[in-house]
Amino acid sequence: MKKLLKPSAAALALSVAANAAAAEGKLVLYHWFEYMPQELLEKFTAETGIVVTMDTYDSNESMLATLKAGGMGTYDLAVPGDYMVSIMAGEGLLDTIADGELANKGNIAPEWADPSFDPGRASSIPYQWGSTSFAVNRDAYGGDIQTTAILFEPPAELSGKINMLDSQGEVIAMASLHMGIPQCSTDREQLKALNAMLQAAKQHWASFNSDTAKEVLVSGDAAVGQIYDGFAAKAREEGANVEYAYPTQGYVAWMDNVVLLKDAPNRDSALKFMDFLLEPENIAAVSNYAQYNAGVSGVAEFLDPALAAQPEKSPHAGAGDGVFIEVCDQQTQAVYDQIWTNLKK
Amino acid sequence: MAAGAASGGSARADTYKDARGWLLLPSWAVLGIFVLGPVCMMLIYSFLTKEFRGGVIWEFSLSAYDQFFFDRGLFGDEPAKLEWTYITIFWRSIWQAGAATLLSLVIGFPTAYFIATRPEHVRPVWVFLITIPYWVNLLIRTVSMKFLLRDQGPLNDFLIGTGLIDSPIHIVNTNFAVQLGLFYSYLPFMVLPVYAAVERYNFSLSEAAADLYASKWTTLRRIVLPAVKPGVVAGCILVFVPSMGSFLAPDLLGGAKNFMIGSLIEEQFKGNAGNWPFGAAASMVLLTMVLIILMFSARQQAKADTAGS
Chain A
-6 MKKLLKPSAA
4 ALALSVAANA
14 AAAEGKLVLY
24 HWFEYMPQEL
34 LEKFTAETGI
44 VVTMDTYDSN
54 ESMLATLKAG
64 GMGTYDLAVP
74 GDYMVSIMAG
84 EGLLDTIADG
94 ELANKGNIAP
104 EWADPSFDPG
114 RASSIPYQWG
124 STSFAVNRDA
134 YGGDIQTTAI
144 LFEPPAELSG
154 KINMLDSQGE
164 VIAMASLHMG
174 IPQCSTDREQ
184 LKALNAMLQA
194 AKQHWASFNS
204 DTAKEVLVSG
214 DAAVGQIYDG
224 FAAKAREEGA
234 NVEYAYPTQG
244 YVAWMDNVVL
254 LKDAPNRDSA
264 LKFMDFLLEP
274 ENIAAVSNYA
284 QYNAGVSGVA
294 EFLDPALAAQ
304 PEKSPHAGAG
314 DGVFIEVCDQ
324 QTQAVYDQIW
334 TNLKK
Chain B
449 MAAGAASGGS
459 ARADTYKDAR
469 GWLLLPSWAV
479 LGIFVLGPVC
489 MMLIYSFLTK
499 EFRGGVIWEF
509 SLSAYDQFFF
519 DRGLFGDEPA
529 KLEWTYITIF
539 WRSIWQAGAA
549 TLLSLVIGFP
559 TAYFIATRPE
569 HVRPVWVFLI
579 TIPYWVNLLI
589 RTVSMKFLLR
599 DQGPLNDFLI
609 GTGLIDSPIH
619 IVNTNFAVQL
629 GLFYSYLPFM
639 VLPVYAAVER
649 YNFSLSEAAA
659 DLYASKWTTL
669 RRIVLPAVKP
679 GVVAGCILVF
689 VPSMGSFLAP
699 DLLGGAKNFM
709 IGSLIEEQFK
719 GNAGNWPFGA
729 AASMVLLTMV
739 LIILMFSARQ
749 QAKADTAGS
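Protein sequence lines, in the order shown, are assigned to chains A and B. Once you know that position 174 of the first sequence is 167 in our numbering, the rest is easy, because the numbers rise by one and skip nothing. Take any residue in the second sequence, note its place counting from 1, add 448, and you have its number in our numbering.
Among the clues, some could well be false.
[What the hints assert, rightly or not] With a Cα cut of at most 25 Å, we get these calculated DSS-like pairs of lysine-lysine: (1) A:338 <-> B:705; (2) A:195 <-> B:705; (3) A:19 <-> A:185; (4) A:265 <-> A:98; (5) B:529 <-> A:338; (6) A:36 <-> A:61; (7) A:185 <-> A:338; (8) A:185 <-> B:664; (9) A:255 <-> A:195; (10) A:19 <-> A:265; (11) A:255 <-> A:61; (12) A:98 <-> A:195; (13) A:337 <-> B:529; (14) A:19 <-> A:61; (15) A:265 <-> A:255; (16) A:338 <-> A:227; (17) A:306 <-> A:195; (18) A:265 <-> A:36; (19) B:664 <-> B:677; (20) B:664 <-> A:337; (21) B:705 <-> A:185.
Since the hints were derived computationally from the structure, they do not count as laboratory data.
Generate the whole structure from the sequences, applying the supplied hints.
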């Protein structure tokens, strides 16, 4: 559902423009929508002569579905989120980057060099990271917003004015934080309580929508919206009086990563592009465009100064921990899938 | 659309009768490859075992249909009861699509009648005008609809401005908004077949009815409607069937709080669940229902034709 308004026309325009330069190679990119500045792709083509084609997706799951339904061997690189990197590795969809194949591998910021979802960065490089929490319209509500109760047990003035992301992983992770239970719980009482809590919380929600998560805040259709930090910043810049919350119970952290796909038709071009994205100046251009954080050392001097000053970027002292979405085993996941279906039936 | 007989051709006059088999070959090939092929694949997939996180394991299994019809509780170990979840979702889709169809008929029939009664040379202009909004992408039209209907949108501003209401009417994120969206998406599918039927209607029949002292209402009910029924039935099917599987309007205008058939199926392939056999099974149930509706209407039609001649 979250497949709306994707600028695949940009990819077309780009490949047309790039044909003028002598094509020395090709690169086929499978990427999120509205995330990669087109100028950056043009710069890559100008530097290397490699023509980039980009297709877009709107959720980790739909990307996985496309690749599993015959997309392998078409694309060189994809940009999965943290938990999806481990899932794709488990499915055997990722190629391994040998030592020395990436000249700029040393540029990866130390804290992102050995993440749990891809030990030793065997198949991936950092792209952008940030948080998923929620934003509240301050004209509608003046009270304390640093609590997940805003989403799940909202005060009367916010009831019926809440937009949730239409994404099982993010909604259930946030709900687990609210209840203080593990994300992959096998405790029946906890799971039943989670199911009941979500059913009750739904009465307060106006809609589930990911594509228009920002628009509903800007237009005032929603007073509270579950949202990514960069989107919340954009909503604020577009005139909505919204404040992004870092709840004391914790929030969802995420990192998108560029991965090398198995059977990549243009493996050399793909590695060149990864090296290109590990240059601080280039990855900073993505951060300036998307308003998230890069995972590369030395980006600070290339970043838009306004970006560092954004309130959405800095958790306050009382904020809980940021947690990644966890990957549950099949049996546990089946229960969570059932809870999600119950929620939306 | 049951109108072949009226167009005056007869099977014997068909110059290309001998070549008919060959000429139909491309259509059969297209139908076979792009319609029958995928449907057969879906049928097979619905009887396979689900692979975790999307995909299928090539082992026969009835678990997709079991999941559709039986409820075994949150943890899947309770005694099986009838599963109401998916029946509710299907019923909701049928109800929404039915309401949209009715709305299309109520608005579309007079529109079609109006166009068909204009002078012959301006009719194409009216038909052309009907199609103009549909040059714009469905997604854009649905989003625009949302902007029009929302609490601070032009519609509510207008109603408040005229003093008809004091506070905005909540339309977005309701079932009514979904029905309105579906109606707007598929209206021409109603207008065009009904127009085609009314245009062929012999208006001297209405005159004859009036001469025999039939009231206008009686004429409409007993003369006009039976004569244009094939067009109306075709229009209803053309609006109802795509409305059932639609997910744009429910998601954007209805707020996606409750699954419709379309979004339920989509979730099985593109969502977290990644349950392809179940998505295939739900599609097969939907397809079966649509086929039953089509066969039923075809039989009614056949009966009416026999009775008429």
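key: Hints not upheld, ascending by number   = Going through the list in order, the structure violates hints 3, 6, 8, 9, 12, 16, 17 and 20 and respects the others.
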